[in-house]
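Undergrad: Take a look at the letters that make up each chain.
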Amino acid sequence: MALLEVRDLAIAFGGLKAVDGVSFSVEKGEVFAIIGPNGAGKSTIFNLISRFYDPSAGSIRFEGREITGLAAHEIAPLGIARTFQNIELFDHSTVLQNLLMGRHAHRRTSWIEDLLFLPRVRREERLHRRRVEEVIEFLELEAHRNKLIAGLPYGVRKVVEIGRALATGPKLLLLDEPASGLSVEETQDVAFWIEDMQKDMGLTILMVEHDMNLVARVSNRVLAVANGRPLAMGTPAEVQGHPAVIEAYLGTAAVSKVSA
Amino acid sequence: MRFIFKTSYDRDIDLFEDGWHRARIAALLAVLVALPFLLGEYYLAEATNLLIWSLAGMGLMLLVGHSGQVSLGHAAFLAIGAYTDAALMHCGLPWPVAFAAAGLVSGLFGALVAIPAIRMSGIYLAIATLALFVLVEEAVILAEPITGGIGGIMAPPIQLFGISFERYGALANFYWLCLGVVAAVTLAYANLLRSPTGRAFMAVRDSEVSARALGINVARTKTLAFGLSCAATGLAGSLMGHFLGFFNYEAFSIFISINLLLVVTIGGLGFIQGAFLGAILIAAVPQVLSILRDVSGIDTSGYPGLETVVFAAILIGFIIYEPMGLYGRWLKIRTFFDLFPLCRRDMFRRQKSYLKTERMR
Ligand SMILES: Nc1ncnc2c1ncn2[C@@H]1O[C@H](COP(=O)(O)OP(=O)(O)OP(=O)(O)O)[C@@H](O)[C@H]1O
Ligand SMILES: [Mg+2]
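For the protein sequence lines, the chains are A and L, in the order given.
Numbered by this note's numbering, the letters in the first sequence go through residues -15 to 244 in order.
Numbered by this note's numbering, the letters in the second sequence go through residues 30 to 390 in order.
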């Protein structure tokens, strides 16, 4: 059984069919990439899986369980974590606090216990810290641990967001353009981390990415979409060479040249 | 320059970052406890009032500074606290019970109000809470058998174990009582901020989208923040009632709401310390003005709006020059000396945020 199974997914905003009949399934332990030109509906697919949007048709199954009936905040406890294309961190908190906020799905104490800071709260806090420190070590964020997000450079924020998602202890990690805006070296780091998360941590990763070098390097399978519809699916090489994909990219490139 | 070496997670979890910090807080507490021996009647009453305002300020700070919601109606919760306390004591209940009930009733009412209110934010929430305030004010006037209507009501004197805590007869005792309450609430507030509940509040404040993606139930979190905020304000209302001795609906006017909002914004949004600093400033302005008047010999009694003008000028000044408030200013000064000579000018400048186009609401 696939870890994530998306079938005939569709949603429209007004008249615009942002996602229109997309099906794919992500196997456990796989790195699965979604590619496509701007406005293809990639982020919308993520927002549907995160339950920010209600699909007009189709189903999303995680570990065999239908999740389209759940609320957005019920997704993280299942073991699905995500990052955002445009970085949504808690700007007025430190890196450490941001990562600790990632532990929310694992909290066991009530607000009354928290107000009194009973011994159990401290025990739980130690546990959360230990997990968060592992993430800090893995992503080499030590130097930034106690800095406010608001003062961090873009590249570091991007990494902190991956860290916050990792801190939730996910089974499935959704990365929306993890390398966009990063330098060549930073993109290299992201590639290494994705490989480590897959091989050492046993994570399954669903990723949206424009950088085809990164996609070709880390992903096992690729789905190409355009205008909300699936174009091709297969190994990175197969999809990159697919006539429909080439046409979709050339087409938008040509259009953007004309309009520019 | 001072270094703090953290050798275990507990160092980060503890309330005090080191022995020096603990000693400073202990010294502050000692001075506060000794205050009745150091001050005369007039200034001790001012200090008591300041404690009560700090308590109400902490209530609003939790809402505005830590969960990112605004309220122009917090005077209503002061009123609910004050009237609940007085009414129950008139029924013969002892003060501790009436006091706890004041917090509970205000908190529950706040949580109830939150259910529709949390769908709104910003100016809409401000207007909705303002409407709520008007509603409560009318209800207070109409519910004459309980509240005394326009005529007002007396807060019965507090007697515990045969000791009087009456504001006029035993001011020192009443001061210590207020100090105890404020210390307990401050501790609970600090506990909240170092635990998952407080982090959830701040998460909702900074990015609702992320909060939801991390498994935080935004509606529930905001409702809880409202409830706790109103409970603390209700406790302050109860003490305020006893401080005034006799009060009617005018004691909890819209200006009290606005002053509370001034306390938290001038003090520094998002810091417990800000509630105290803001309360001190608000209490100090009239004092300083009257001292200036005495010293300069200028008769300002012909300008009754002077205080309001000074408040407004201070607020505008802070919003333009120091959005982090008094406590933020203090943090900057302290960081400067802690890091001396390594401080950079742009240390606290905010990085430009990138691309917020995809933000969902
Ligand atoms: N909340 C929304 N309301 C209306 N239209 C939307 C909304 N979200 C997305 N869209 C539209 O749906 C289409 C797909 O958007 P989406 O963000 O999924 O594209 P994308 O593939 O992620 O593109 P990019 O590579 O630029 O990130 C776009 O035309 C976008 O304008
Ligand atoms: Mg996108």
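Some clues are possibly wrong.
[What the hints assert, rightly or not] A few chain L residues that face chain A, going by a derived Cβ cut-off under 8 Å, partial list only:
1. Leu68
2. Ser224
3. Ser319
4. Leu321
5. Val338
6. Ala342
[To be verified] Reference listing, derived: stretches of chain A covered by chain L, where coverage requires no fewer than 3 residues with Cβ under 8 Å from a Cβ of chain L:
7. -6 to 8
8. 74 to 80
9. 209 to 220
Just so you know, the hints here were simulated from the structure itself, not pulled from any lab data.
Treat the numbers as computed from the prediction; the structure is a model and nothing was measured.
All C-beta atoms, glycine included, are put in the ideal place defined by N, C-alpha and C.
Undergrad: For every hint, state whether the structure bears it out.
TA: For each hint, the structure was consulted:
1. Leu68: At 32 Å from the nearest chain A Cβ, Leu68/L fails the 8 Å test, so the hint is violated.
2. Ser224: holds (4 Å)
3. Ser319: violated (38 Å)
4. Leu321: violated (37 Å)
5. Val338: At 32 Å from the nearest chain A Cβ, Val338/L fails the 8 Å test, so the hint is violated.
6. Ala342: Nearest chain A Cβ about 27 Å off; hint violated.
7. -6 to 8: Contact hint for the region -6 to 8 of chain A vs chain L: violated, 0 residues under 8 Å.
8. 74 to 80: Answer holds; 5 residues pass the 8 Å Cβ test.
9. 209 to 220: With 0 residues close enough to chain L, the hint is violated.
The structure shown violates the earlier hints numbered 1, 3, 4, 5, 6, 7, 9.
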